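*Asks:* Protein chains in written order, with the numbering used here: chain A, 1 to 205; chain B, 206 to 421.
Just so you know, these hints were derived from the structure itself, not from any lab. Model, not experiment: these values are computed from the prediction. Check each hint, because a few of them may be wrong.
As the list claims (entries may be wrong) - Far from chain A, by Cβ distances over 12 Å, these chain B residues were calculated:
#1 Ala-292
#2 Pro-319
#3 Val-331
#4 Val-390
As the list claims (entries may be wrong) - Some chain B residues near chain A, calculated using beta-carbon distances under 10 Å:
#5 Thr-212
#6 Ser-222
#7 Arg-361
Yeah, the Cβ is synthetic: ideal placement off N, Cα and C, and Gly gets one too.
Listed below are the residues making up each chain.
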Amino acid sequence: MSGVGPFQDNPCLRVDGLAIARGGRVLFSGLSFAAEAGEYVEVRGANGAGKTSLIRALAGYLPPRAGTIVFERIAEPALALHYVGHANGLKSNVSVASHARYWSGLFGRAGDEEAALARLGLGGFGARLPRTLSQGQARRLALSRLLIAPRPIWLLDEPAAALDAQGREMLAGLIDAHRADGGIVVAAVHEPLGPAPSLALTVGA
Amino acid sequence: MNAFSVTFRRDFAMMWSGGGALAPLGYFFGATMLVPLAMGPERDLLAAAGPPLVWIAAALAVLATLERLFQADLEDGSLDQMLLSRAPLEWIVLAKACALWCAIGLPLALAGAPAAIALQAPVERVPAIVASLALGMAAFIGVGLVGAAITAGVKRGGVLIALIVLPFFAPPIIFGSAVASGEDVGAALLILAGCALGGLALGPIAAAAALRLQAE
Numbered sequence: 001m002s003g004v005g006p007f008q009d010n011p012c013l014r015v016d017g018l019a020i021a022r023g024g025r026v027l028f029s030g031l032s033f034a035a036e037a038g039e040y041v042e043v044r045g046a047n048g049a050g051k052t053s054l055i056r057a058l059a060g061y062l063p064p065r066a067g068t069i070v071f072e073r074i075a076e077p078a079l080a081l082h083y084v085g086h087a088n089g090l091k092s093n094v095s096v097a098s099h100a101r102y103w104s105g106l107f108g109r110a111g112d113e114e115a116a117l118a119r120l121g122l123g124g125f126g127a128r129l130p131r132t133l134s135q136g137q138a139r140r141l142a143l144s145r146l147l148i149a150p151r152p153i154w155l156l157d158e159p160a161a162a163l164d165a166q167g168r169e170m171l172a173g174l175i176d177a178h179r180a181d182g183g184i185v186v187a188a189v190h191e192p193l194g195p196a197p198s199l200a201l202t203v204g205a
Numbered sequence: 206m207n208a209f210s211v212t213f214r215r216d217f218a219m220m221w222s223g224g225g226a227l228a229p230l231g232y233f234f235g236a237t238m239l240v241p242l243a244m245g246p247e248r249d250l251l252a253a254a255g256p257p258l259v260w261i262a263a264a265l266a267v268l269a270t271l272e273r274l275f276q277a278d279l280e281d282g283s284l285d286q287m288l289l290s291r292a293p294l295e296w297i298v299l300a301k302a303c304a305l306w307c308a309i310g311l312p313l314a315l316a317g318a319p320a321a322i323a324l325q326a327p328v329e330r331v332p333a334i335v336a337s338l339a340l341g342m343a344a345f346i347g348v349g350l351v352g353a354a355i356t357a358g359v360k361r362g363g364v365l366i367a368l369i370v371l372p373f374f375a376p377p378i379i380f381g382s383a384v385a386s387g388e389d390v391g392a393a394l395l396i397l398a399g400c401a402l403g404g405l406a407l408g409p410i411a412a413a414a415a416l417r418l419q420a421e
């Protein structure tokens with residue numbers, strides 16, 4: 001699937017001998033895997049096994065205790081990835097449209113904000129405030145970041161949380177489209193998201 | 206639009222929609238109006254000691270606004286997104302500091318005029334007092350950023366912020382009070398400008414370093 005979509009430079013994520021510790025306790029060690037362009041890695045594991053910590057380490061927030069995380073053919077990883085975690089990153093009294101404008105300024109590559117919101121099923125929600133949105137709608141708004149600024153690597157932590165059946169289907173469609181574009185998706189999940197993973201990892205086992 | 210301007214606009218809008226400068230201004234006026242009640246109405250005493258107290262009240266008013274500056278971003282996940290921005294975090298922190306100065310620092314400096322007059326400052330000295338407060342607010346905010354960033358993960362960190370930053374409020378307070386009591390106004394304003402520039406240059410760097418640790 002290399003070199004077909006907008007992400008022509010064949011990004012690759014390579015993790016070698018990774019160990020993560022939280023609060024002085026080693027969650028897992030010796031984790032190695034690689035994800036090439038167009039691949040989807042599904043991370044599973046029990047509560048507290050370190051799924052969130054792994055995703056946050058890949059995003060660069062959490063320094064690993066040992067091992068390396070290498071993004072090949074990517075100059076500045078922080079500018080090439082999106083992180084959607086448990087906290088949606090929303091301000092309760094800032095409108096949906098302002099969030100979209102803010103993100104497109106923050107991430108610096110303005111896509112079509114309106115179209116991104118519409119694709120997430122939030123068309124016509126521009127003036128709404130997040131405190132009037134349901135949990136599922138707030139999650140859709142957080143996911144809209146993935147489309148507002150196209151970036152090759154998506155790091156998703158329980159992305160389907162609070163989404164309804166239609167929302168999960170839409171998310172599966174987004175992941176498929178991103179893979180077809182030559183992007184990489186790493187998602188920590190409890191229930192399979194739908195798309196067949198190229199690699200299923202279990203942490204803390 | 207770039208990361209600096211969207212951050213500035215968003216923070217400025219949030220500070221206004223959340224009551225804006227009203228609460229700090231109310232605090233500031235409340236504190237300054239208590240001074241004559243505590244010191245008695247003697248004109249000479251008030252004229253000597255009153256104007257510098259405007260500075261104390263302004264420092265405490267801006268201190269009270271610092272607690273939520275980064276804490277909210279840490280809790281709701283916005284900080285994670287800022288770290289993925291094309292702009293360096295230092296630059297985004299500076300944008301937030303500028304928004305805080307425009308939304309709250311500048312209104313407080315302007316409010317210094319009526320407060321100083323009420324505390325018997327000579328009218329011809331009022332423009333210098335307002336200018337010194339505007340510079341002093343920038344210095345307070347520059348230093349305050351660091352305290353706010355260090356305590357972002359601490360529940361009810363307001364007292365801790367005060368402990369961390371109040372010692373660094375001393376230089377602006379000393380020279381600001383000199384302006385307020387009319388001693389060597391020109392030189393004191395220059396030193397305040399230096400404090401403001403130093404605070405705004407170094408504050409974001411230290412605050413961003415602290416915030417990166419908070420993101421873990």
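*Asks:* Give a verdict on every hint.
*Replies:* Against the structure, the hints come out as follows:
no., hint, verdict
1, Ala-292, "violated, 8 Å"
2, Pro-319, "holds, 30 Å"
3, Val-331, "holds, 36 Å"
4, Val-390, "holds, 41 Å"
5, Thr-212, "holds, 7 Å"
6, Ser-222, "holds, 6 Å"
7, Arg-361, "violated, 20 Å"
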